[in-house]
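Q: What follows is the residue order along each chain.
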Amino acid sequence: MELLKLEHKKLWRRKSVQIGVLLCFLYIVIFGGLLSYQWFQFGSPNDFTSSFGNNFDGYTNIREKQEYAKQWEGALTEETLQAMVKEYQERVQTGNVSDYEMTDWVSLNSMIQTLWPELEETDNPYIMLNYVDPSELTDFEVRRENAVKSFLELNGQTGSEREYFLNMDANIDMPLQYRWTEGWSFVTADYISGCGVVFAIFIAIAIAPVFCGEWHNNTRSLITTTKYGWNKIAVTKVLVSFLFTLELYTIIIFSSILLQIIFLGTEGADMPIQCIKILAVAPWTVLQAEIYEYGYLLLASFGYTGIVLLCSALAKTNYVSIIISLAIVFVPMAILQFFPLWGQKALDLIPFVGSSTDIFRTNTYHLFGYTIWSPYLLITVPIILGLICLPFAVRSWARRAKI
Amino acid sequence: MELSLDRLTKHYKSKIAVDCISTTMVPGVYGLLGANGAGKTTLMRMICGILEPTSGDILYNGNSIFEMGSAYRNLLGYLPQEFGYYPNYTAQEFLLYIAALKGIPRRIAVKRSRSLLETVSLINMANKKIKTFSGGMKQRLGIAQALLNNPKILVLDEPTAGLDPKERVRLRNILSDLANDKIVLLSTHIVSDIEAIADKVFLMKKGTFILQGSINELIAYAQGKVWEFTIQEQDLKKWELNYTVANLHHSDKGYVTLRVVSDKCPSLEATPCEATLEDLYLLYFPTEDGGRV
Numbered sequence: 001m002e003l004l005k006l007e008h009k010k011l012w013r014r015k016s017v018q019i020g021v022l023l024c025f026l027y028i029v030i031f032g033g034l035l036s037y038q039w040f041q042f043g044s045p046n047d048f049t050s051s052f053g054n055n056f057d058g059y060t061n062i063r064e065k066q067e068y069a070k071q072w073e074g075a076l077t078e079e080t081l082q083a084m085v086k087e088y089q090e091r092v093q094t095g096n097v098s099d100y101e102m103t104d105w106v107s108l109n110s111m112i113q114t115l116w117p118e119l120e121e122t123d124n125p126y127i128m129l130n131y132v133d134p135s136e137l138t139d140f141e142v143r144r145e146n147a148v149k150s151f152l153e154l155n156g157q158t159g160s161e162r163e164y165f166l167n168m169d170a171n172i173d174m175p176l177q178y179r180w181t182e183g184w185s186f187v188t189a190d191y192i193s194g195c196g197v198v199f200a201i202f203i204a205i206a207i208a209p210v211f212c213g214e215w216h217n218n219t220r221s222l223i224t225t226t227k228y229g230w231n232k233i234a235v236t237k238v239l240v241s242f243l244f245t246l247e248l249y250t251i252i253i254f255s256s257i258l259l260q261i262i263f264l265g266t267e268g269a270d271m272p273i274q275c276i277k278i279l280a281v282a283p284w285t286v287l288q289a290e291i292y293e294y295g296y297l298l299l300a301s302f303g304y305t306g307i308v309l310l311c312s313a314l315a316k317t318n319y320v321s322i323i324i325s326l327a328i329v330f331v332p333m334a335i336l337q338f339f340p341l342w343g344q345k346a347l348d349l350i351p352f353v354g355s356s357t358d359i360f361r362t363n364t365y366h367l368f369g370y371t372i373w374s375p376y377l378l379i380t381v382p383i384i385l386g387l388i389c390l391p392f393a394v395r396s397w398a399r400r401a402k403i
Numbered sequence: 404m405e406l407s408l409d410r411l412t413k414h415y416k417s418k419i420a421v422d423c424i425s426t427t428m429v430p431g432v433y434g435l436l437g438a439n440g441a442g443k444t445t446l447m448r449m450i451c452g453i454l455e456p457t458s459g460d461i462l463y464n465g466n467s468i469f470e471m472g473s474a475y476r477n478l479l480g481y482l483p484q485e486f487g488y489y490p491n492y493t494a495q496e497f498l499l500y501i502a503a504l505k506g507i508p509r510r511i512a513v514k515r516s517r518s519l520l521e522t523v524s525l526i527n528m529a530n531k532k533i534k535t536f537s538g539g540m541k542q543r544l545g546i547a548q549a550l551l552n553n554p555k556i557l558v559l560d561e562p563t564a565g566l567d568p569k570e571r572v573r574l575r576n577i578l579s580d581l582a583n584d585k586i587v588l589l590s591t592h593i594v595s596d597i598e599a600i601a602d603k604v605f606l607m608k609k610g611t612f613i614l615q616g617s618i619n620e621l622i623a624y625a626q627g628k629v630w631e632f633t634i635q636e637q638d639l640k641k642w643e644l645n646y647t648v649a650n651l652h653h654s655d656k657g658y659v660t661l662r663v664v665s666d667k668c669p670s671l672e673a674t675p676c677e678a679t680l681e682d683l684y685l686l687y688f689p690t691e692d693g694g695r696v
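So the protein lines, in turn, are chains B and S. Position 114 of the first sequence, counting from 1, maps to 114 under the working numbering, and the rest follow consecutively. Position 70 of the second sequence, counting from 1, maps to 473 under the working numbering, and the rest follow consecutively.
What the hints contain is simulated information worked out from the structure, not anything from laboratory work. In this text, all values refer to a predicted model and were calculated from it rather than measured experimentally. Take these hints with a grain of salt, some might be off.
Stretch-level coverage of chain S by chain B, calculated; a stretch enters the list once three of its residues show a Cβ under 8 angstroms from a Cβ in chain B [to be verified]:
id, segment
1, 464–478
2, 488–495
3, 597–611
Cβ atoms here follow ideal geometry from the backbone N, Cα and C, with glycine treated the same way.
Assemble the whole structure, with the sequences as input and the hints as a guide.
A: Structure representation (structure tokens):
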């Protein structure tokens, strides 16, 4: 326990760790969270050339939008949809931006574009929501059902795979229960998934020197001659690395959730994810989606920690260790598009390379004759990879520690 | 308690670093003298169990140290030649960390580290980060960490490097006190340190002990091979080229008094004088790489 405490202190004493955690906090919580909510994501529009031209009034703007959305809350039927579109078009007519900004126009437009594609005028410069005739937006549920089937067909998902998703889709409670989507959409579709790469950078900076740093500090012969030697310290280093990852995660995620509660509140947590992406087939609420995504982030962080520890044990200098660790995430990300689909799917299983937003998609893996929905593997494989790396990390470090 | 080296040999590919060394050590201070590359550090690392010998064995009370594992390491205190430390730790934290690695309970470790910091005169720096320490202070901290577990076998590789004369004397006294119930093995280039405290000296060259014995026994090898005489200043270069000059002293009138180590009498004016351990060292290691002139 004493060794764990001191090893933990040693890790946190490093300037690179302190600066890294601070930067991570500033980037994710302050820039991506606080300023996003209050300014460039939810601030009322002012200068249309950039989101950074928004007013610094996110908190009140969100309250107004939530207040406006309350009138449509409840079952999302075609009548409600038509009324929402009509209301949007009337607000656009006033020419007052703040009027139509109140509406959930992004998700509304995406919904009608997906379900009534034949109404889209390709030569019309305006978004579909502006010109579509609300009375033509009929058969909402049937349209959705057909759109899901067409989408699966277009993806080449037939037979048992098609059945798998249609069965999943059949579990969605209809009619959909509409709530204000913009806030939840930001959290579940953008914010959490964006945290992954940032986590990767700062976990690599902090953990990559854990083993090879001992070479840097020239302490190996000293440690070798102590009673507990390399093996016990190796286990301690692994525990401390995971503890650090958990601490980083806790600091960032709890701050993020706190900001989310302050700015967005908890209302709408029971909204189905279909209100954000109409063709999503998972019968999940946005709260379940958020829990999954945070779970993915935690397990991917742990998995990546294991991989970084292996790099640290194999490398002899901190810089090499950091570069290899970062390359494991960023090189696959960069070359992913040049791979065939199976290759892309395989690379997605590397921590942080895949995305937690797969819950909105119908990607699958075929393993041993089973069809597995991608979110199940994306959340489990990274941590398994990390755990597999650990014994190799400990062994290779203990072996190399012999002079 | 005894530590025996039994035909201890270490090869690095074709290079022989330690060549079939055998000796037995009982509590006392042992000095290891030799030029750079003589194999001192390799020998010490094998004694510490860091390096495995190519052949031969090291026995502690008849048991192979390589089989004893952590039980042997528990008896060991080691100060490596290049002492590594964690720059962002304070002296006290560093000692507690090493104590934890040595399996010393925290309560005891706190007391022991305070007392050792006092012994090595670092108590006022206990809460300062090591990165702010001078070379000598780091070296003293290294000595303190080696003593944390009250080791039975203390191996110190160049412990006096970087210490000022006062600190060196203080360390020598500490080691002398410790040697009652410990085997202390130290290597240094500073012959006077070994001369002051070692009970037995190993003179090491090309991986083997060329001489071993008490200070007096070793000095006896140099008796009759140390000469003193006076020459003219302009001849100094010539003498330095052909002989190992242990000391020289310039006088006012253009003369220089030389102390020369040589098997044969170098000059008709030369008179033999009392040899020291340094003279013996120069006799066997007249050049830096350990060769003869």
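Q: Now tell me if each hint is right for this structure.
A: Tested hints:
1. Beta-carbon proximity to chain B at under 8 angstroms applies to 3 residues in the segment 464–478 of chain S; the threshold of 3 is reached and the given coverage holds.
2. Using a Cβ-Cβ cut-off of 8 angstroms, 5 residues of the segment 488–495 of chain S lie near chain B, which meets the minimum of three, so the contact claim holds.
3. For the segment 597–611 of chain S, the stated coverage by chain B is not satisfied: 0 residues place a CB nearer than 8 angstroms to a CB of that chain, which falls below the threshold of 3.
Going down the numbered hints, you'll see the structure goes against just number 3.
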